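So the chains spell out like this:
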Amino acid sequence: MARVFLNHVTKKYGRQTAVEDLTIEVRDGEFVALFGPPGAGKTSILRMIAGLEDVTSGEIWIGDRVVNNLSPAVRDVAMVFQSFALYPTKTVFENLAFPLKKRKMPANEIEKRVKEIANILNISHLLDKKPGTLSGGERQRVALGRAMVRKPQLFLFDEPLTNLDAKLRLHMRAELKKLQREMGQTAIFSTPDDIEAISMADRIAVLDRGRLVQYDTVENVYERPNSLYVASNIGSPKINTVEGDLLLDGDNRFLDLGFTRIDLSHFGEVLKGFEGRKLVLGVRPHEIVISQRKTSDGSFMGRVEVVEDTGAEAHATVMVDSTYLVVLIPPGMRINMGDEVWLYLDPNRLNIFDKSTGKALI
Amino acid sequence: MADVRLVEVSKRFGKQEAVKDLSLEVPDGSFVCLLGPSGCGKTTTLRMIAGLEKPDKGEIYIGGRLVNDVPPHERDIAMVFQFYAIYPGMTVFDNLAFPLKQRKWSKGDIVRRVKETAEILQIAHLLDKDAMSLTVGEKQRVALGRAMVRDPKVFLLDEPLTNLDARLRAVMRIELKKLHSRIRTTTIYVTHDQLEAMTLADRIGVMESGVLQQYDTPSNLYHRPSNLFVAGFIGSPTMNLLECRVRKGEKTFLDFNGFTLAADNFNGRLRDAQDGMELVLGVRPSDIRLEPAGGGLLQGRVEVIESLGDKAIIDISIDTTIVRVLNHGKTEINVGQPVALYADSDKFHLFDKRTGRRL
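So the sequences go chain by chain: A and B. Just so we're on the same page, the numbering used here is the position in the first sequence counted from 1, plus 54. Just so we're on the same page, the numbering used here is the position in the second sequence counted from 1, plus 11.
These aren't lab readings, by the way, just hints derived from the structure by calculation. A quick note: this is a predicted structure, and the numbers were derived from the prediction, not measured. Watch out, some of these pointers could steer you wrong.
What the hints assert, rightly or not - Here are the simulated lysine-lysine pairs, DSSO-like style, with alpha carbons at most 27 Å apart:
(1) K183/A / K221/A
(2) K150/B / K115/B
(3) K221/A / K31/B
(4) K221/A / K292/A
(5) K126/B / K115/B
(6) K221/A / K115/B
(7) K140/B / K126/B
(8) K326/A / K348/A
(9) K205/A / K166/A
(10) K115/B / K164/B
(11) K184/A / K232/A
(12) K144/A / K156/A
(13) K221/A / K65/B
(14) K322/B / K292/A
(15) K332/A / K292/A
(16) K341/B / K232/A
(17) K205/A / K156/A
(18) K292/A / K188/B
(19) K292/A / K341/B
(20) K364/B / K262/B
(21) K188/B / K221/A
(22) K189/B / K126/B
(23) K31/B / K65/B
(24) K31/B / K292/A
(25) K232/A / K166/A
(26) K118/B / K164/B
(27) K322/B / K413/A
(28) K322/B / K232/A
(29) K341/B / K413/A
(30) K189/B / K292/A
(31) K156/A / K221/A
(32) K348/A / K150/B
(33) K221/A / K341/B
(34) K156/A / K166/A
(35) K184/A / K155/A
(36) K221/A / K358/B
(37) K188/B / K150/B
(38) K140/B / K189/B
Model the full assembly from the supplied sequences, consistent with the hints where possible.
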C-alpha cells in the first residue's frame, strides 16, 4: 500500500518533451487513470514510476521515500504491460510461481500464495493448463496474477484492455475495477479510451502532449470539464460544441448561436469582459431537451438527419441551420429521419468555453 | 438498383463448412448487415455475392438474374474494403474518374458522371484537391464515390470502419447512414460490431458457424431474439442470461442458483414447459430498475459501479449470481449497499437451455 507523488516531473527525449512539469498525487488505495491520445505521455509516466526510465527533473515519491535513484526491483512496483507475456511452455501455476521462485521463497509458501491469488482471480481450475489453451480473458487474468502474486505496494497497468475484443473488454473492465477495490492496493493505469477511464477510475488525469490538463474525480471531469479539450475527449457520444458570440443587451448577457440566443444573465460577473468574444458552448446529448412540438419560447427547430438506435438507447443527429446537434431521444418517443423537431437548451446545464484559450468559463 | 437473393447457398473450404444452407433476401434499396464473430461465414457470403468465391451449392440472384456463373466484373456490383483505398498524388477528380477511364469512357461522359457523383456526395468543391489532403470524412466519401461512379446495382462493404478509432467510427457511421438515405443503392455490409449493425441496417442477418441465426430488423433482434446466441450477441452491455429450472405445482416457479422467482404471470409462456425443464432467463441490463433495499423482485448487493458519464453499469450480486444493470441518470447508489431489483416480466426472454430456442 502506498501513496504516489510526482513532484514537478519532466521527461525529455533529446529535444522532445514527453512529460512537462507534472505534479500529481495518487492517494493510498486509489485507482487513477492516465488518459490521453497516443503521444500524451501516459506510458512515459508509468515507466518513470516503475523505474524503467529516469526522470529529467523532478521527484517521484512512492510511500515515504523518493525513488528517483532506486532500481525497478527495489521499488516494490508491479507493471502489467499491454501485450502481457506469459511463458508458453510453463503451466499457469508455474507462470504465477515464477516471480516468487526468483525471490527464493520456500516451495510451500509459494504454493500457498499462488493458490490464494488464483482463487481471487477465479483461475484455480486452470493452474495445470498451458497459456496457449486459455481464452484471452483467462490469459489476461494470469498476467494480472503474476503481477499480484508478490503483493507489490503499487500496480501499474499500461493500457490493460487495449488488446482485448469488445465483449471481453467490457467484462474485464468490471473485473479489474472489482479486483483493485478488493485488493485495496494503489493502482495507476493508462488508457486512450475515455469510457475505460471513467468507468474504472476514482480519479482521472487528462493529459495533452505531456501536460496535465485536469486531474479530478470522474464526475467532475465529465460534468465540469475545465477546458474544451477535456470536454470533447471525455464522454460518448461526444459533447456537442457550438460557437457563438457573447452579446450585452442592457445589463443582460446573451450567447448568440445564430439559430438561438441563450440568456446567461444568471452567471453574472463571470462573463464580464468577454462581450464580443467568440465563445464555445458545450452541451451533452442527454442534456438537450427534444420534443415534437414547440414547448417553450427558448426552443428552436431542427431537422432529424439520422437516428441511431442501439436498442438500449437512441440518438438523433439534428441539423439546425448548418449546425449538427446530437440529441438523446427519451425512451418511448418516436422520431424518424426527416422529422422536424424542437430543441431546448437549459441555461443551467451548459458548459461555456473561451474559444481562444479553450478554458472553461462556466 | 437491384435486389439480392441467396437460395440455400453452401460453401466449404476443405473439411470446414464456411456457409451452410443460407437463404437470404435483400430487398432493392435496403441496407442489410451480415453480423457475427470472426469465422461465422459473413465475409465468405459477401465474397460469393461479389463472385470472388463460388458456392458449392445453391443459387445467387442479383436483380432477378442468376449470377452463379457470371464473373465478378459483369455482376454490376462494387465492393469497398476500406475507406482509405484512394490513390495518393491524384486529385479527387482523378480518383473518381479512374474506374471510368479503365472502362474507356469518353472524356465528356467521364466529366459529366464525376460531377454528378460529386454533387450527390457533396464533394464537388473538392474535385481539384489532392485526395490525401482531405479530412478522413471527405476521404471516405471519395472512396465511396469511386465505387459509385460506375453506378453499380449493389454495394458490398467488408468491415469498412474496423480500422478507425471509436470516435471517428461514430462520425463515419452517421455519414454512411446519411449517404444511403440519399442514394438508396442496395447495400450489404459485413461487420462483427453489433453497434454498427444496429445503427446502420434496415435488417441484420446474424450468423454463427456458417448458419444464419436470425434475419430481422434491429428492433426485433433486440426485443425478440430468437435464440440464445442472438440474445447474447446483440446489445451492449450484454443481456443477463441466468440458468434456471421450472418447478410446477399449484403455482409455477423458476429456481435459480440461490434464489427463486414466482413465474405465474409470464403470460402463459411457461404453459407447455415441463416440471424440471432447464431454461435460461434473459433480461437486458436496461430493463432492470434499482431501488434502495426493501420490496422489489429480488434483493442484491452492489458489487461494482462503472460510470459512463450519463449512465452507469452496476453489477449486483444475488447470492452467487451477478446481474448487470444499466442505470440512466445520476447513480445515488454505493458499492456494498443492499438494493432491490425490479423488472417487468414482459421484458423477460425465456430460452430452452438445451436447444437455445426462444419459448
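Outcome of the hint check:
Between K183/A and K221/A the alpha-carbon distance is near 24 Å, which keeps this suggested pair within the 27 Å criterion. Distance hint between K150/B and K115/B is fulfilled; the C-alpha atoms sit about 25 Å from each other, no more than 27 Å. With a C-alpha separation of about 26 Å, the suggested pairing of K221/A with K31/B holds against the 27 Å cut-off. Only pairs whose Cα atoms come within 27 Å are accepted, and K221/A paired with K292/A is accepted, the gap being roughly 22 Å.
Proximity of K126/B to K115/B is assessed by CA-CA distance (about 17 Å); at most 27 Å being required, the pair is judged to hold. Our distance criterion of 27 Å between C-alpha atoms is broken by K221/A and K115/B, whose separation comes to about 48 Å. Between K140/B and K126/B, the direct Cα distance comes to roughly 14 Å. Compliance with the 27 Å bound is thereby established for this hinted pair. Pair hint K326/A plus K348/A does not hold up; C-alpha atoms about 32 Å apart against a cutoff of 27 Å.
A threshold of 27 Å between alpha carbons decides the hint, and for K205/A with K166/A the separation of about 13 Å falls inside it, so the pair holds. Our distance criterion of 27 Å between C-alpha atoms is met by K115/B and K164/B, whose separation comes to about 20 Å. Distance hint between K184/A and K232/A is fulfilled; the C-alpha atoms sit about 26 Å from each other, no more than 27 Å. With a C-alpha separation of about 15 Å, the suggested pair K144/A and K156/A falls inside the 27 Å cut-off, and the hint holds.
Between K221/A and K65/B the CA atoms are separated by roughly 33 Å; this puts the pair beyond 27 Å, and the hint is violated. For the given pair, K322/B sits about 14 Å from K292/A by alpha-carbon distance, which is consistent with the 27 Å threshold. A hinted pair counts as satisfied when its Cα atoms are at most 27 Å apart, and K332/A with K292/A qualifies at roughly 21 Å. A hinted pair counts as satisfied when its Cα atoms are at most 27 Å apart, and K341/B with K232/A qualifies at roughly 21 Å.
With a C-alpha separation of about 14 Å, the suggested pair K205/A and K156/A falls inside the 27 Å cut-off, and the hint holds. Distance check on the hinted pair: K292/A and K188/B sit about 18 Å apart at the alpha-carbon level, within 27 Å; holds. For the proposed pair K292/A and K341/B, the alpha carbon gap of about 18 Å is at most 27 Å, so the pair holds. Our distance criterion of 27 Å between C-alpha atoms is met by K364/B and K262/B, whose separation comes to about 22 Å.
A threshold of 27 Å between alpha carbons decides the hint, and for K188/B with K221/A the separation of about 25 Å falls inside it, so the pair holds. Taken as a hint, the K189/B and K126/B pair is honoured in the structure, with Cα atoms around 20 Å apart against an allowance of 27 Å. With a C-alpha separation of about 14 Å, the suggested pairing of K31/B with K65/B holds against the 27 Å cut-off. Distance hint between K31/B and K292/A is unfulfilled; the C-alpha atoms sit about 41 Å from each other, more than 27 Å.
For the given pair, K232/A sits about 23 Å from K166/A by alpha-carbon distance, which is consistent with the 27 Å threshold. A hinted pair counts as satisfied when its Cα atoms are at most 27 Å apart, and K118/B with K164/B qualifies at roughly 23 Å. Distance hint between K322/B and K413/A is fulfilled; the C-alpha atoms sit about 26 Å from each other, no more than 27 Å. In summary, the hint linking K322/B to K232/A is supported, as the alpha carbons are separated by about 19 Å, within the 27 Å threshold.
At most 27 Å may separate the alpha-carbon atoms for a hinted pair to count; K341/B and K413/A meet this at roughly 26 Å. For the proposed pair K189/B and K292/A, the alpha carbon gap of about 19 Å is at most 27 Å, so the pair holds. Our distance criterion of 27 Å between C-alpha atoms is broken by K156/A and K221/A, whose separation comes to about 36 Å. Straight-line distance between C-alpha atoms of K348/A and K150/B comes to about 38 Å, which puts the hinted pair past the 27 Å bound.
At most 27 Å may separate the alpha-carbon atoms for a hinted pair to count; K221/A and K341/B meet this at roughly 25 Å. Simply put, K156/A and K166/A have alpha-carbon atoms about 16 Å apart, close enough for the 27 Å limit, and the pair holds. A distance of roughly 18 Å separates the Cα atoms of K184/A and K155/A; the hinted pair therefore holds under the 27 Å criterion. Using a Cα cut-off of 27 Å, the hinted pair K221/A and K358/B holds, with the two alpha carbons roughly 23 Å apart.
Distance hint between K188/B and K150/B is fulfilled; the C-alpha atoms sit about 16 Å from each other, no more than 27 Å. For the hint linking K140/B to K189/B, the alpha-carbon distance of about 24 Å falls within 27 Å, and the restraint holds.
The earlier numbered hints that this structure contradicts are 6, 8, 13, 24, 31, 32.
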